[in-house]
Amino acid sequence: METTTTLSRETEIYNDYVKEWKDKGGKVVGYSCVATPVELIEAAGLLPYRIKALGNSDTELADGEMSLFNCSFCRACLQLGLDGTYDFLDGLIETNGCDHLRAMFENWQHRKKLDCFYYLKVPHFYRDDSLAYFEENLGLLKGLLEEKSSVKVTDEALDEAIHGWETVREKWRELSALRELDTPKVTGSEALALEIKGSSMLSGDFVAMLSRFIAERKDAVGTKPAARLMVCGPATDEVEWFEEIERLGAVVVADVLCFGSRAFVTAPPASDGSPLHRLAEAYLSSIFCPRMYKEYERRRDLIRETARRARVDGAIYLYNKFCDLHGVDSVIVRRDLEEAGIPVLVLEKEYSAKADIGRVKTRVQAFMERIGGVA
Amino acid sequence: MDKGFVMREGENGFERAMGILEMIYKLPDSLSEEDVEAAKNFVFPELQQTVIGLLELPADRELELFFFRLLLGVLKEAQNAQAEGKKLVFIPFTFPPEIFYSFDNIFPICTEIVGGLITNICYGQGERFWDYAMGMGLPDSLCSANTIGTMPFFMGPGLKADAIVYNSAGSCNPNAKIHAFASDYLGIPQFLLEKPVDESPRGRELFRQYLKRFIKELEEWSGSEMREERLREVMKKSYQAVELYNEFWELKKARPCPVPNIFSMTLLVLRSQLWGRQEAVDVMQKMVDMSKERLRKGEYTASEELARVYITYIYWLFDFYGYFTWMEKEGITILGDILAIHYFPEMDFSSKESMLEGLADITFDYPMTRQMGGESISMRWLDDIIYAAQDLGADACIFGGVHACKHTLGTAAYFRREMMKRTGLATLMLTGDVFDKRHTPMEMLQEEVKTFVDQVVARKKSQDKKKAKTAGE
Ligand code: SF4
Ligand code: SF4
Numbered sequence: 002m003e004t005t006t007t008l009s010r011e012t013e014i015y016n017d018y019v020k021e022w023k024d025k026g027g028k029v030v031g032y033s034c035v036a037t038p039v040e041l042i043e044a045a046g047l048l049p050y051r052i053k054a055l056g057n058s059d060t061e062l063a064d065g066e067m068s069l070f071n072c073s074f075c076r077a078c079l080q081l082g083l084d085g086t087y088d089f090l091d092g093l094i095e096t097n098g099c100d101h102l103r104a105m106f107e108n109w110q111h112r113k114k115l116d117c118f119y120y121l122k123v124p125h126f127y128r129d130d131s132l133a134y135f136e137e138n139l140g141l142l143k144g145l146l147e148e149k150s151s152v153k154v155t156d157e158a159l160d161e162a163i164h165g166w167e168t169v170r171e172k173w174r175e176l177s178a179l180r181e182l183d184t185p186k187v188t189g190s191e192a193l194a195l196e197i198k199g200s201s202m203l204s205g206d207f208v209a210m211l212s213r214f215i216a217e218r219k220d221a222v223g224t225k226p227a228a229r230l231m232v233c234g235p236a237t238d239e240v241e242w243f244e245e246i247e248r249l250g251a252v253v254v255a256d257v258l259c260f261g262s263r264a265f266v267t268a269p270p271a272s273d274g275s276p277l278h279r280l281a282e283a284y285l286s287s288i289f290c291p292r293m294y295k296e297y298e299r300r301r302d303l304i305r306e307t308a309r310r311a312r313v314d315g316a317i318y319l320y321n322k323f324c325d326l327h328g329v330d331s332v333i334v335r336r337d338l339e340e341a342g343i344p345v346l347v348l349e350k351e352y353s354a355k356a357d358i359g360r361v362k363t364r365v366q367a368f369m370e371r372i373g374g375v376a
Numbered sequence: 005m006d007k008g009f010v011m012r013e014g015e016n017g018f019e020r021a022m023g024i025l026e027m028i029y030k031l032p033d034s035l036s037e038e039d040v041e042a043a044k045n046f047v048f049p050e051l052q053q054t055v056i057g058l059l060e061l062p063a064d065r066e067l068e069l070f071f072f073r074l075l076l077g078v079l080k081e082a083q084n085a086q087a088e089g090k091k092l093v094f095i096p097f098t099f100p101p102e103i104f105y106s107f108d109n110i111f112p113i114c115t116e117i118v119g120g121l122i123t124n125i126c127y128g129q130g131e132r133f134w135d136y137a138m139g140m141g142l143p144d145s146l147c148s149a150n151t152i153g154t155m156p157f158f159m160g161p162g163l164k165a166d167a168i169v170y171n172s173a174g175s176c177n178p179n180a181k182i183h184a185f186a187s188d189y190l191g192i193p194q195f196l197l198e199k200p201v202d203e204s205p206r207g208r209e210l211f212r213q214y215l216k217r218f219i220k221e222l223e224e225w226s227g228s229e230m231r232e233e234r235l236r237e238v239m240k241k242s243y244q245a246v247e248l249y250n251e252f253w254e255l256k257k258a259r260p261c262p263v264p265n266i267f268s269m270t271l272l273v274l275r276s277q278l279w280g281r282q283e284a285v286d287v288m289q290k291m292v293d294m295s296k297e298r299l300r301k302g303e304y305t306a307s308e309e310l311a312r313v314y315i316t317y318i319y320w321l322f323d324f325y326g327y328f329t330w331m332e333k334e335g336i337t338i339l340g341d342i343l344a345i346h347y348f349p350e351m352d353f354s355s356k357e358s359m360l361e362g363l364a365d366i367t368f369d370y371p372m373t374r375q376m377g378g379e380s381i382s383m384r385w386l387d388d389i390i391y392a393a394q395d396l397g398a399d400a401c402i403f404g405g406v407h408a409c410k411h412t413l414g415t416a417a418y419f420r421r422e423m424m425k426r427t428g429l430a431t432l433m434l435t436g437d438v439f440d441k442r443h444t445p446m447e448m449l450q451e452e453v454k455t456f457v458d459q460v461v462a463r464k465k466s467q468d469k470k471k472a473k474t475a476g477e
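Chains A and B, in that order, give the protein sequences. Residues in the first sequence are numbered from 2 upward in steps of one, following this note's numbering. Residues in the second sequence are numbered from 5 upward in steps of one, following this note's numbering.
The set of hints was computed from the structure by calculation and includes no laboratory data. Note that the structure is a prediction, hence the values are computed from the model and not measured. Please note that a few of the clues may not be correct.
Claimed, not checked - No farther apart than 35 Å at their CA atoms in a straight line, the calculated lysine-lysine pairs in the DSBU-like style are these:
| # | chain 1 | residue 1 | chain 2 | residue 2 |
| --- | --- | --- | --- | --- |
| 1 | B | K164 | A | K113 |
| 2 | A | K322 | B | K164 |
| 3 | A | K295 | B | K80 |
| 4 | B | K216 | A | K143 |
Just need the whole structure built from these sequences, with the hints factored in.
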């Protein structure tokens with residue numbers, strides 16, 4: 002399939018979209034975890050920017066703060082925080098996603114001393130008392146954002162932002178449907194590239210980009226892939242991985258990744274209650290991440306349902322070395338998917354390590370042979 | 005040379021360790037040097053390090069014999085708990101065991117204590133258990149302490165827990181994940197007590213609610229209520245031990261330190277498995293009495309106390325002799341580690357409610373949970389270690405732990421810089437593993453510690469002396 006005009010891979014952290022926003026006097030707030038309600042940031046008139054590293058492999062400064070036993074993705078992001086690449090951020094929201102992420106944020110804050118820094122405490126289970134606490138925390142975040150932006154976040158504004166991001170999720174589902182066709186019209190690498198771009202946009206612009214892309218692709222002729230794969234795991238913004246896998250003739254027809262489709266599974270907020278309450282409930286009930294406890298069955302069901310819907314031939318569980326959350330979950334996910342008749346390949350890798358790409362390619366090739374796809 | 009202690013195929017590591025530990029009953033109450041030598045020669049090389057680590061120095065010998073016999077008795081109770089109609093519950097070493105002793109029909113067993121027993125008592129140490137976990141596909145970045153502690157229950161017949169509890173979600177991923185994993189794999193229920201990473205009054209209040217809810221869940225599951233009287237009994241025992249713990253802390257301040265290094269390990273086991281029981285009180289009492297006696301006589305193992313070190317994370321526990329005894333003989337006093345810093349609030353024993361509130365605060369501030377689950381890992385960790393190191397008069401710090409502690413490893417550089425800036429204390433950074441000698445052999449650790457003490461600590465001390473002299477002139 003041809004690359005469309007809409008889609009070009011993001012190469013700059015401080016990209017044109019963000020530059021233009023800043024030139025107009027706009028402020029930007031960074032966040033890392035999908036448990037962060039971007040709606041709140043947008044409703045305060047700020048631009049939400051999901052922290053990424055875009056394949057940056059230099060971690061020299063970050064290595065002075067974090068150890069080599071820490072996730073290389075977090076180190077790569079921290080590097081960009083320390084070397085000034087992220088200096089355009091006006092604020093940063095920390096979340097207690099995982100041990101590495103917390104350490105990354107702490108070091109970032111120690112070194113950069115951002116005056117707009119908020120620690121959003123996300124509970125580790127979904128229950129009435131944890132929900133009430135999460136809502137209180139969102140209330141505090143709202144207050145801080147209002148103060149920094151001098152914009153009052155009204156219920157109307159929040160409802161509008163909620164609607165905006167709901168539309169993004171709808172569009173994402175449309176895009177996913179094109180990806181899941183017998184002859185996919187969208188590849189996994191294209192979907193990931195779109196998400197990476199959209200994760201530093203306002204909802205309206207993200208929707209417009211997705212709409213354009215879907216319109217361009219709707220009538221395209223897809224090709225039957227040698228293997229239909231699903232990729233599961235944490236946050237990775239390395240489009241190259243997907244490209245390499247797809248170069249082998251497979252298509253990543255579905256994913257349950259944190260940078261990827263998992264970022265769009267947030268439940269639609271209920272119709273009653275204050276917008277803040279609805280937002281809290283929608284988010285806390287939809288964190289399909291191994292950082293949540295006593296919720297494995299829901300994670301498993303999401304993964305199995307995605308695999309079933311996309312009729313995958315096999316699944317790859319891809320995670321960065323030293324990630325305990327996903328490392329442990331991969332063992333049970335593999336067991337449960339294989340029990341459901343879906344072969345699984347578990348791959349541990351370093352972020353942005355060129356050397357790893359060759360090794361992983363060989364393993365994916367062998368996996369494709371095993372599941373009957375010709376590599 | 006297996007000297008008869010090789011574990012047989014399908015044998016459960018915990019049971020094997022218990023079987024070997026039984027030997028302790030056969031030893032006479034008072035051991036001569038020859039007895040120790042004979043005991044040492046009777047066992048395989050790795051266990052020799054345990055035997056001499058516990059028994060070579062006379063003060064250690066008396067206490068450790070006493071302690072291990074009591075510990076064995078309690079672990080036997082754990083083995084018989086189910087037959088007596090009790091539920092056996094796995095707990096991590098980040099959880100106060102007194103919560104569970106306060107139930108009539110629940111018995112706790114600390115997974116890391118099991119890991120420690122296996123590592124120090126079984127042939128091949130914890131390695132086969134670690135390797136088994138790796139064979140299951142688990143990542144090699146997990147924590148050896150709780151992985152080795154839980155694996156025996158995956159591998160063989162014998163003791164089987166009825167449930168697993170943990171409270172490390174948010175403070176330690178490896179710890180929480182392995183316990184959740186064990187629940188899934190072993191098909192037994194899990195109970196989670198989350199500590200909010202929030203040190204505001206709101207965070208504490210929420211935690212109190214969580215604890216009460218957690219206890220309610222346990223009550224429903226176990227089919228019996230936590231009785232106020234039993235809770236009071238256990239908490240009173242706990243606070244008898246707390247008073248002794250406070251005395252023990254004070255004793256460590258003396259120079260040279262009258263508290264033998266190995267007592268630090270003993271305190272860790274007491275707190276993790278025996279707290280709330282008479283055995284903890286008895287052992288604490290003995291440790292305090294013996295240390296007082298040593299203080300009175302001015303006893304110290306080496307000819308001079310060269311350095312007083314605070315371990316900023318955890319002791320290495322795979323070789324008692326090579327770590328605790330060796331340092332003591334070298335004149336290096338171990339003042340404590342993160343697990344030795346406890347915060348015990350004033351306890352109001354008047355009602356169940358008031359005791360539960362106190363228990364909630366103890367659990368909130370429990371070592372490791374308090375720091376790694378703090379609002380800021382680096383700041384809370386740093387503040388607590390600075391407090392302990394300064395209060396006990398440390399000359400330097402040593403960082404050692406597990407490669408799984410990503411939170412400390414991720415903030416250790418900051419910690420070290422700030423420690424130097426705020427206190428002038430240097431920190432030696434060691435990479436290795438608490439339970440797995442394959443990461444860094446003990447000899448390497450000893451070499452690094454020795455160089456550090458010779459060069460950094462000795463130099464600092466002589467500079468301090470010079471400064472004091474000049475100031476006096
Ligand atoms: S993997 Fe989980 S903790 Fe990490 S960023 Fe994604 S959702 Fe958050
Ligand atoms: S904090 Fe470190 S030592 Fe403690 S349980 Fe976690 S990994 Fe293990």
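Hint by hint, here is what the structure shows:
no., hint, in the structure
1, B:K164 - A:K113, "violated (50 Å)"
2, A:K322 - B:K164, "holds (32 Å)"
3, A:K295 - B:K80, "holds (31 Å)"
4, B:K216 - A:K143, "holds (30 Å)"
Checked against the numbered hints above, the structure breaks only hint 1 and satisfies the rest.
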